[in-house]
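Can you build the whole structure from these sequences, using the hints too?
There are 2 protein chains.
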Amino acid sequence: MTATILNGRELAKTMQEEISAEVAAFKARYNVVPTIAVVRAGEDPASVSYGKAIEKAFTGRGMGFALHTLPETATQDEIVALVARLNADPDVHGIMVQEPLPKGVNEAAVKEILSPDKDVDGVHPVNAGRLAQVAPVGRPPMVEPFFVPATPAGGLEILKRYNVSLQGKHAVVVGRSNIVGKPMAMLLLRENATVTICHSQTTDLAAVCRSGDILCAAVGRAKMIKGDWIKPGAVVIDFGVNFVDGQMCGDVDFEAAQEVAGMITPVPGGTGPMTNIMLMRNVLEAAQRQLKEKA
Amino acid sequence: MTATILNGRELAKTMQEEISAEVAAFKARYNVVPTIAVVRAGEDPASVSYGKAIEKAFTGRGMGFALHTLPETATQDEIVALVARLNADPDVHGIMVQEPLPKGVNEAAVKEILSPDKDVDGVHPVNAGRLAQVAPVGRPPMVEPFFVPATPAGGLEILKRYNVSLQGKHAVVVGRSNIVGKPMAMLLLRENATVTICHSQTTDLAAVCRSGDILCAAVGRAKMIKGDWIKPGAVVIDFGVNFVDGQMCGDVDFEAAQEVAGMITPVPGGTGPMTNIMLMRNVLEAAQRQLKEKA
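Chains as they are written, first to last, in the numbering used here: chain A, 1 to 295; chain B, 1 to 295.
It is possible that part of the hints are untrue.
Same chains, same names: a pair is fine if it fits in one copy or spans any two.
[Said to hold, decoys possible] Below, in silico cross-link-like pairs of lysine to any residue (SDA-like), each with a Cα-Cα straight-line distance of 20 Å or less:
{"id": "1", "residue 1": "292", "residue 2": "109"}
{"id": "2", "residue 1": "52", "residue 2": "88"}
{"id": "3", "residue 1": "52", "residue 2": "84"}
{"id": "4", "residue 1": "56", "residue 2": "294"}
{"id": "5", "residue 1": "226", "residue 2": "66"}
{"id": "6", "residue 1": "103", "residue 2": "135"}
{"id": "7", "residue 1": "231", "residue 2": "207"}
{"id": "8", "residue 1": "103", "residue 2": "141"}
{"id": "9", "residue 1": "52", "residue 2": "42"}
{"id": "10", "residue 1": "226", "residue 2": "256"}
Keep in mind that the hints were calculated from the coordinates and are not lab data.
Listed below in structure tokens is the structure:
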């Protein structure tokens with residue numbers, strides 16, 4: 001058996017067209033450009049590169065992008081003051097504070113200073129809490145509107161667009177970061193999957209992985225998940241972004257896995273291209289909420 | 001085999017003594033009585049009875065209790081105004097808004113109006129979010145201080161006081177309410193258990209339950225979990241409070257389960273008595289935080 005490839009790159013292209021149309025409609029209605037402000041302290045190469053990718057994605061679809069850089073020596077007070085200014089700026093609809101922050105800066109305090117209404121990468125505890133508390137799909141949400149981190153939101157979008165049934169399925173999430181693993185688990189639970197969260201302390205990880213109808217990998221270790229860790233026919237979502245000998249690869253051993261899985265995301269070309277799309281969707285939604293409130 | 005009984009009633013007595021000593025020390029230092037305000041709209045019998053139990057527990061240990069009742073016809077604005085007043089009252093350290101709220105009142109909005117620093121039952125999304133985001137035990141928390149709902153906090157306390165090892169164990173939580181199931185799952189994950197969350201849509205619930213080294217039941221259905229759903233030697237924490245023919249019973253068929261489990265909480269006398277203890281601890285902690293900030 002060879003798995004169906006879950007083509008995130010193709011899906012991202014389709015969604016870019018959808019977003020372009022929504023952005024055009026938004027501009028026509030409000031005469032406002034939905035805009036993200038990205039805050040960075042220092043010149044961490046991965047952050048610089050990610051910032052450029054965001055800029056290209058946003059400006060390429062008629063959305064606004066503003067980069068605010070501080071020196072690597074920036075203090076907590078300086079970062080907080082900048083975020084507070086962006087919170088208050090009506091021309092900024094979404095804010096993303098890039099990590100790493102300078103040493104000695106309290107990341108928790110910086111996250112909490114963000115306006116939850118502009119927290120388009122869902123890092124503020126109030127957004128994480130609303131996601132944790134939201135009722136299952138099909139019922140009234142019972143929480144205020146919230147933002148989900150872009151990476152897991154993209155993983156769920158792939159599952160939905162490929163019509164993968166989640167209800168009652170066993171979903172195994174490997175990794176418990178705040179930006180991928182835990183929010184992905186909450187999203188799958190909301191879709192009525194039975195969800196298992198694994199991590200570095202899990203006993204017999206291979207066996208737990210093999211019990212998953214859906215297997216999501218977000219550990220950041222190249223090809224850690226082997227072909228025989230996968231239940232035959234399972235749907236595999238690989239969030240890993242690792243480099244081996246200059247080649248990008250995921251957390252799953254793709255070559256072996258595609259012989260066992262029913263469906264699988266490649267790396268590159270799977271979950272990666274979806275992340276910026278979901279960030280754009282979140283910024284557009286933030287702008288819509290903010291402009292509606294004014295109206 | 002007959003399971004060791006996890007005696008929540010005895011444990012609660014021990015902890016009452018500990019809390020009495022802490023309350024006395026707190027009063028001696030600050031000349032302030034750590035106080036909870038309970039808000040209720042209407043006269044739902046279960047809420048009235050729970051309110052009385054809280055009053056007895058708090059006043060019996062030298063803590064303050066203030067009941068604020070509104071008529072069943074209270075509007076959202078009236079409830080919000082009362083909570084806002086209690087938020088601002090320096091003599092109130094913790095606030096609990098009892099459910100059910102009157103029809104037409106937006107429960108999500110009422111929760112969010114609570115000051116997170118006085119939200120001693122951990123219902124505000126910012127507290128749920130900090131719990132979802134907190135780092136595993138043994139690492140810096142990376143979030144601001146937070147409150148955990150009293151019932152799951154009591155379940156975890158039982159496990160800890162009986163020296164149940166959680167690291168790397170498979171914990172199965174049945175039920176995904178915001179007040180028990182989901183926060184219990186997050187607490188167990190924080191303790192480095194591998195955690196599975198099940199619910200009404202789970203396929204083959206019996207088999208999933210049987211895979212748990214730790215099994216937590218929070219579904220609210222009398223004796224739903226049968227003896228042969230339990231892994232031999234497992235530790236069973238039963239959060240159920242159900243009544244059959246006027247007799248209180250849990251979500252687990254205790255008679256059958258105790259022949260299979262290694263340890264089990266009875267109902268009554270297991271998790272129930274721990275809930276008020278944890279609420280008292282949270283109020284004391286809230287008072288400590290608030291007085292320290294003033295100092």
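Quick rundown of the hints versus the structure:
1. 292 with 109: between (29 Å within a copy, 19 Å between copies)
2. 52 with 88: neither (25 Å within a copy, 45 Å between copies)
3. 52 with 84: neither (23 Å within a copy, 44 Å between copies)
4. 56 with 294: Neither: 29 Å inside a copy, 48 Å across copies.
5. 226 with 66: neither (41 Å within a copy, 59 Å between copies)
6. 103 with 135: Classified as between: cross-chain Cα gap 18 Å, same-chain 38 Å, threshold 20 Å.
7. 231 with 207: Intra 9 Å, inter 17 Å, cutoff 20 Å: intra and inter.
8. 103 with 141: Between copies, since 16 Å is at most 20 Å while 39 Å is not.
9. 52 with 42: within (14 Å within a copy, 57 Å between copies)
10. 226 with 256: For residue 226 and residue 256, the Cα distance is within 20 Å only inside one copy (7 Å; across copies 40 Å).
Hints 2, 3, 4 and 5 from the list above are not met by this structure, while the remaining hints are.
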